[in-house]
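Peer 1: So you can see what is in the structure, the chains are spelled out below.
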Amino acid sequence: MKKVLMGNHAAAVAAALARVQVTVGYPITPQTQVYELLAEMKLNGTLAGEFIAAESEHSVMAAIYGAATAGARTFTATSSQGLAYMHEMLHWVAGARLPVVMVDVNRALGAPWNLGTDQTDSLSQRDTGWIQIYCSTNQEILDSVLMAFKIAERVMIPTMVVLDGFTLSHSYEPVDVPAQDDIDAFLPPFKPELTLDPKRPMTFGALVGPKDYLRLRRRMAADMAEAERAIDEVGREFGERFGRFYGQLDAYRCEDAETVLVTSGAVGSTARAAVDALREQGLAAGNLRMRSFRPFPAQALRAFVRPGMRLAVIDRNYSPGAGGIFAQEIKAALYPRSSASVHGYVAGLGGGDITVELLQEVWRRVHDAAAAEPEPASWVEDAR
Amino acid sequence: MKKVLMGNHAAAVAAALARVQVTVGYPITPQTQVYELLAEMKLNGTLAGEFIAAESEHSVMAAIYGAATAGARTFTATSSQGLAYMHEMLHWVAGARLPVVMVDVNRALGAPWNLGTDQTDSLSQRDTGWIQIYCSTNQEILDSVLMAFKIAERVMIPTMVVLDGFTLSHSYEPVDVPAQDDIDAFLPPFKPELTLDPKRPMTFGALVGPKDYLRLRRRMAADMAEAERAIDEVGREFGERFGRFYGQLDAYRCEDAETVLVTSGAVGSTARAAVDALREQGLAAGNLRMRSFRPFPAQALRAFVRPGMRLAVIDRNYSPGAGGIFAQEIKAALYPRSSASVHGYVAGLGGGDITVELLQEVWRRVHDAAAAEPEPASWVEDAR
Amino acid sequence: MLAAKILADAVLRQGVKQCLAIPEFGVERRGAPVTAYARLSEKPILIRTRIYEPDALVVLDPTLYAADILKGLKAGGTVLTNCETDALERLKAKFPGRTFVDVPARRIAIELKLGSPSSPVVNTAMCGAAAAVFQLCDLEPLLLAVRDSVPAKTEANVEAARKAYSFAHERRHAPA
Amino acid sequence: MLAAKILADAVLRQGVKQCLAIPEFGVERRGAPVTAYARLSEKPILIRTRIYEPDALVVLDPTLYAADILKGLKAGGTVLTNCETDALERLKAKFPGRTFVDVPARRIAIELKLGSPSSPVVNTAMCGAAAAVFQLCDLEPLLLAVRDSVPAKTEANVEAARKAYSFAHERRHAPA
Amino acid sequence: MPLLEGDPLSFPRVIVSTRSMSENRTGTWRTLRPVIDASKCTGCLICWKYCPEACVTLTQKVPVIDMNYCKGCGICVEECPAHCVDFPAEEPV
Amino acid sequence: MPLLEGDPLSFPRVIVSTRSMSENRTGTWRTLRPVIDASKCTGCLICWKYCPEACVTLTQKVPVIDMNYCKGCGICVEECPAHCVDFPAEEPV
Amino acid sequence: MKTSIPSNELMSSGHLACQGCGATLSMRYALKGLGANTVIVIPACCWTILAGPAPLSSLGLPVLHSPFASAAAAACGVKAGLRSRGDVETQVVAWAGDGGTFDIGLQALSGVADRNEDILYVCYDNEAYMNTGVQRSGGTPQGAWTMSTPGASGSTRPKKDLDAIILAHHPVYFATATPAYAEDMVLKFTKARAIKGFRFIHILSPCPPGWKSDPKDSARLSRLAVQTGLLRLYEVEDGRMRLNMPLSKRKPVEDFLRAQGRYKGMGTAQIADLQRRVDEAWGKDPESEP
Amino acid sequence: MKTSIPSNELMSSGHLACQGCGATLSMRYALKGLGANTVIVIPACCWTILAGPAPLSSLGLPVLHSPFASAAAAACGVKAGLRSRGDVETQVVAWAGDGGTFDIGLQALSGVADRNEDILYVCYDNEAYMNTGVQRSGGTPQGAWTMSTPGASGSTRPKKDLDAIILAHHPVYFATATPAYAEDMVLKFTKARAIKGFRFIHILSPCPPGWKSDPKDSARLSRLAVQTGLLRLYEVEDGRMRLNMPLSKRKPVEDFLRAQGRYKGMGTAQIADLQRRVDEAWGKDPESEP
Ligand SMILES: Cc1ncc(C[n+]2csc(CCOP(=O)(O)OP(=O)(O)O)c2C)c(N)n1
Ligand SMILES: Cc1ncc(C[n+]2csc(CCOP(=O)(O)OP(=O)(O)O)c2C)c(N)n1
Ligand code: SF4
Ligand code: SF4
Ligand code: SF4
Ligand code: SF4
Ligand code: SF4
Ligand code: SF4
Ligand SMILES: [Mg+2]
Ligand SMILES: [Mg+2]
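Residue numbers (our numbering), protein chains in the order written: chain A, 742 to 1125; chain B, 742 to 1125; chain C, 5 to 180; chain D, 5 to 180; chain E, 317 to 409; chain F, 317 to 409; chain G, 4 to 293; chain H, 4 to 293.
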């Protein structure tokens, strides 16, 4: 059934449809409506499981940690400073190999205070061991949250579904909400092997030496590789069931594209309008949307890139002393096999609009650049 | 004067010699002796400034934030979970452009618990906006803390001096402790331009819109570029004053090396023994020690690498879904200009020894590899 | 924002067009002026940015015309207002080439006891007017959308939307 | 670890060799057995790992020989012990080809009231013995190192180091 | 066009606030307008005391409300012991 | 040699503790050894009660101390109301 | 001037508070008491916005914005920093909402109180997370609606007893206040300014959108909270408690509740119950800690 | 059997505690009272080590290790998780040191208490950060030496009044305990087990290396803490306080202090002062909250 939903509500509705058993939450702009709708659904019975209103985000993730180890399917949502405040717990939950699903609504980190969308909050969690999926529409938010449970539970890695603050979180658009039965068929109950159970006492998280620690992390690496497959396979299964297909990458008019706008999040949607406009001008433009960022889709990307292709990477994020994070990781993934050139553009930090006009300009700059030789990241803006 | 100091004490002594005005601390293995020695020095007057024993690391960095904005030279030290717990504040302090100096003693992050050295704690702060310097001896710890203040205050970026848990933190070796007068000449008092002062009231950290936010981050990027220079220049000045020279990179027997062990931290010291051993066997081995990681020394690295060179990168850290972090960032920095091949090796996570024998084996593997084509990171261990 | 949501919902129910409603980003404080954007199209809507040159404008707060909110409006665009005073005439004079439609949303809200006289809640009334003026949808889907979106004082709000819709509908069909 | 630090300090004062003292990594609990390593060299010490095949061993706790701590010791290596019982003879029989030097560190510590009889603190005495047995340094730098490193009961500790040094020094010079 | 112009080093490292918020005229928020009846006013200053906008000025016997800032909350209307503040609807500009 | 061997997927995702810590014999920590004088013992079980190692067993009239675990803390010596626990130095093995 | 309140205004007009905001009144009075030689530390809360977006400021003093959980620690850092530079005079004030005090800021606050750091901590308590649009905090009273306790019964848990928690730390000075009693509030800040060590002032601060009340009622509600006995105005100095506003006759709590939409779900039984509890608390021990 | 203490041992021998560790005694008794149908959540503290390195465990129950600041929240998560899967019986216990309770875990603890989550929180209080080698915590008493308060005067701040802080949250059950009174402790855990809602037990737990005491004295010191009146054994149920160990005659506090090296720096004047404060506290109100 189609409903007009804001992005935050799409996330909350998906969690309820996934029959989460324990939800924990805490308010923060621009995520708060996820939390509020969950509270409301708990009250009216739409959300069946336990609902905990924690006193801080660190405790949110700690409670999730306890609940997930006890065997429950768990969900939460946060943003920006809240995500950063739970950083210690993010590492912990990943190391504990718990298939938690969390929504992060992108928002810039301070100092100074800023409420606008900015991916640095989620991307700066890139080493915590979470799968990360970036959404471009409210429909994709709902679908991705549902798929996230299936992916996470298959590889036992927590999964973060990321959406742009305001641009998606607060925008209303029609979203197709699948029927509960269909979702139940897609997503069976969570039945973990090892849980906290007095009948089968075991200890979780106890001290290990370096030999075990190394092997646990290598196992995690192997499961991350498996997650690359899982994202594609679950996306395909989802498509077969619900008619909307997803994968690690999402290419648009790239077959013969010479220069490709590489985007993530909602910019991926606007970029298609830019590509359409460029194509109308007879230019060989394409858009590659990076849906997954962790595990980094290195293989898929290498398969996608053709020699001589130019990638104009739009980073609505910034790692000080390194540059745009997508551009950096793309370069590392392509090193040294590819003759494609990678051109990094930092734009839209702190909520600046990344407009169709801006994207076209960037595309042209990259396409027309004298040499294929990349410069350090350029900083761009739509001056309006 | 030479003194036998454990690595942690070298750090604390350096902070006192730098005349820090506000020190805040909290215990955590293997950093605790920094905290304890500072407390003792405060008691006996060797540490002149204010000393706050906070109730958590988040508050440590919050208090540092307040003190630094009030215009004080500030110092703290932490490790692992403690560093992770202050993650939100790390972003904040960097955004606030405060030249805080912090020591991080590397230790693995949980789950599960592990106390061994592992760089993932500091490297997973790579997007927070801190300068990061990695040390290989206790002498270098002391020297780097002193230099860190000078670098940080020049570019107004907080600086993290990183040392290996136990391997350096708890090892005793002779350290040359410069005289206070010489240090005072090297490091003048901290005199910030903008501070909290009722006579000149101003607000720090207030909400900004996207246009300002973007420009603030671009300014940070420019200062990070400046920091690359600052690390080299301050290292040179330090060398001229004290006879020990430092820079972003530290190359050993690399002039004619065909394959280079790329290391960081204390492994950089052991790697020289491995290089010596390989050279004795007539092999063209070299060692490149990455002293700075943020800003990433991309330019210096590109200048260092020769075509056809093979880099065997030892990563005592691991980013799930991406691999070893040094290897990843090196690849990105070299893309696509260099024909050097980069071979990532993950080793020693959670405190495993990275021995001379292991390093030689890795070197040989890379040197003898059939093709220069890199594989995904290999996981290695000294089985003893 | 609720108004934008209601309109998007009504448009969806009508079944012809797509609608994407986007808020102004940032700090929202009760009583402070806020902005929102909506795109309507028969094709899927891809662009997810602010609208810099809107085709139409709806102004909920009659005291807000001092702000230069009208400057981006395309020539030939339509403005839906809530003035009920001769201020409207001054506006028309100031912005020639735009069509102004004025709706007594405030009076409707006060009549139906929506909000308090000091701060009447006009959003559902203005929704109704907008639906009619910009031909977004028929009355029925509009009222269903209002009913689904407004949990408190539902019927009064539905009634407000209906009244304003009718008022504006007539206006539109009346000779200008 | 304090013992290792004192030795490193004494070696530095002697001025000939370099010393790097490394602890066993991980959990330390009062009363539980712990290990530490030290490297000595006339050149700068680069290697910063555990020592898997030491040239020499110092065992502070006489009850610890059950643990297989001796297995890595190179043949021809030296073990400094603190047994004072016929257990020493059993050890010698079990590990032929190693030199054993036994020092009454426990007795010295109890005499000087270091620690309690139930857990005497033997580290300074063993330091003294090690300095002598392994010819790390002269008596004077050793005693200075102890004095600088031990804040409590300093003089008693200095005395313990001196006694053990003398004892071991004689032993080493006596026929084996 | 889209490249950020100017030397990045010419932008400040932090933006401190030094200008007064009074540049922001909040009078536009007002939908009702407090009007003091000077004839009834006792000058008790209670309206000054309780104004959250700090926009009632003391300069005269009868307080003056600065309409550039008054948001029309009505506290002065409610609290005035002499009931001398009227509260009609604001006129659109 | 240095490459980690085996399929990474054959290693567990987490290592849970299921075996008892009693595999760890803490008797080696002991430097003093509690010895109960059976003739004086009243069987009051106070030594059992206060043993932090839970290594005093109840199976007999006179409690038996499991020397595999006893760390020689001396609490039983101190607390025994009959003063019947002796505490000589431990012998090296 | 018919009031003892100083006329200088350190808080400017033009700020972004909602109409009838009690938190602005509170700040206005606080600064009158504190004077200009003061640094204010503000964690995430409505005042993050009210203090003004850069480069504007509604406060004529140095202000430090800090993350949500960090007000107390940041303030003690500022104090140490100033002291280390020889400034021992400047007052450092942490100014936080109930969320940043009862919930996410509590740990840092407790630490600072434990160490008796020389700061004044002010909690302006509007009884919910208002800046994010009214969600329950530890300061939300039982029965109050919020967006996260949306049912008719509202919040099911009683308000956390922050005063008792703070008093357990034996602050050198503690006081409660509310804007209706403006002179009292100014006096308390003037007093607090002169004391060294850890001080705490707890302000009940009306909030029209969060309380679902009419903006014009903010002063009235603040007054009613005291007149009904729901809020006691008192001070604790060196462990000695002093009631500032003894009540000979209390108004029914209903007067307070009925003027606020957030209590709409409270039935007569619940109101009677609350009335009974207030009566008991006052009856038992009119001069003791509430 | 001359004791009421159950003979089953859920805590095994072979653990890694120092000789004479009071925290192991406490755990041993606690589990005797709680029984096997219990999950234990342990944040960073000595018990992180004592519970055993993987794959060993000294506890015959499910155990969850959690980060330092998170014990209470993780425990309430476990409870919710179990409940969501239909298990409403299993007890969930957070077991934390004083550092993890007075300091870094306080926020989560207060949140859980505020929400009246159905868990039992136990603080074994050895009065310092012991696992990191004895640094001052909020639980460290005035005058006690630690590695971070190394001077002769030791810690200059009084011990944080955790009991008052917790009691301000009105837990359904609260008790103090110490291992010398083993039967009392077991009883309290048995009792707590049967109650629903937020419960708290505060254990004073001797620690030879941290207290600089002889391992053999651990039971004796625990007893002396009570006999000198420094520690009161009491319970609070539904707001009613009950003293479990009324003292007709108290021993001098000096007996307790002198047996511990950490108080070596306390001179006779300070000891007399402490004695006076203890006398006052007991004299004033022997049955009230300490
Ligand atoms: C770590 C973190 N979590 C959440 C937020 C979002 N946040 C900002 S202000 C606020 C509410 C503040 O409530 P309160 O302290 O009561 O102040 P009020 O807004 O009511 O004045 C919240 C939840 C944040 N900024 N940082
Ligand atoms: C965030 C964080 N900070 C610091 C530490 C280091 N740490 C581990 S245990 C501990 C001390 C615990 O003290 P307490 O809670 O009193 O328990 P005890 O060790 O005394 O039993 C510390 C500081 C940590 N693990 N995590
Ligand atoms: S209506 Fe409100 S803002 Fe205007 S003057 Fe009166 S009190 Fe001030
Ligand atoms: S409150 Fe009323 S009477 Fe008093 S000064 Fe104001 S307007 Fe005049
Ligand atoms: S000495 Fe200690 S460990 Fe040994 S039996 Fe007695 S009480 Fe137990
Ligand atoms: S305490 Fe003494 S008397 Fe009692 S059982 Fe033990 S040994 Fe026997
Ligand atoms: S929400 Fe409440 S506290 Fe915040 S500005 Fe508005 S009235 Fe003031
Ligand atoms: S340090 Fe203290 S609490 Fe920790 S194990 Fe040792 S005796 Fe027990
Ligand atoms: Mg609030
Ligand atoms: Mg402790």
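Incorrect hints may have been included.
Stated by the list, open to error - Calculated cross-link-like contacts (lysine-lysine; reagent style BS3-like; alpha-carbon spacing at most 30 Å):
id, chain 1, residue 1, chain 2, residue 2
1, H, K215, D, K117
2, D, K157, H, K215
3, G, K194, G, K267
4, G, K162, H, K194
5, C, K21, A, K743
6, D, K117, D, K157
7, B, K744, D, K157
8, D, K21, B, K744
9, D, K96, B, K744
10, H, K267, D, K117
11, H, K267, H, K215
12, C, K98, C, K78
13, G, K254, G, K267
14, C, K157, C, K47
15, D, K21, D, K157
16, D, K78, A, K952
17, A, K744, C, K157
18, H, K194, H, K252
19, A, K940, H, K194
20, B, K743, D, K21
21, C, K98, C, K117
22, G, K215, G, K267
23, G, K199, B, K940
24, B, K932, G, K254
25, C, K157, A, K743
26, H, K162, G, K199
27, H, K215, G, K162
28, G, K199, C, K117
29, C, K21, C, K78
Please keep in mind that the hints were generated in silico from the structure rather than gathered at the bench.
Peer 1: Would you check the hint for H:K194 and H:K252, treating anything up to 30 Å between C-alpha atoms as holding?
Peer 2: Roughly 28 Å separates the two Cα atoms, so the pair holds.
Peer 1: Between H:K267 and H:K215, does the CA-CA distance stay at or below 30 Å?
Peer 2: The hint holds at about 9 Å.
Peer 1: Take a quick look at whether G:K199 and B:K940 sit within 30 Å of each other, Cα to Cα.
Peer 2: 21 Å, holds
Peer 1: Regarding the pair G:K199 and C:K117, is the alpha-carbon distance no greater than 30 Å?
Peer 2: Violated: G:K199 and C:K117 sit about 54 Å apart, past 30 Å.
Peer 1: Given the hint that C:K98 pairs with C:K78, does the C-alpha gap stay at or below 30 Å?
Peer 2: 15 Å, holds
Peer 1: Compare the distance between the alpha carbons of D:K21 and B:K744 with 30 Å, and conclude whether the hinted pair is satisfied.
Peer 2: Holds - the C-alpha atoms of B:K744 and D:K21 are around 14 Å apart, at most 30 Å.
Peer 1: Between G:K215 and G:K267, is the straight-line Cα distance small enough, at 30 Å or below?
Peer 2: 9 Å, holds
Peer 1: Run the distance test for D:K117 versus D:K157: straight-line Cα separation, threshold 30 Å.
Peer 2: 9 Å, holds
Peer 1: Sort out whether A:K743 lies within 30 Å of C:K157, counting only the CA atoms.
Peer 2: 25 Å, holds
Peer 1: For the pair we were handed, G:K194 and G:K267, check the Cα-Cα distance against 30 Å.
Peer 2: Violated: G:K194 and G:K267 sit about 39 Å apart, past 30 Å.
Peer 1: Holds or violated: B:K932 and G:K254, Cα atoms, limit 30 Å.
Peer 2: Violated: B:K932 and G:K254 sit about 58 Å apart, past 30 Å.
Peer 1: For the pair we were handed, D:K21 and D:K157, check the Cα-Cα distance against 30 Å.
Peer 2: Distance ~29 Å between D:K21 and D:K157 Cα, so the pair holds.
Of the hints listed earlier, those the structure fails to meet are numbers 3, 9, 14, 21, 24, 27, 28, in rising order.
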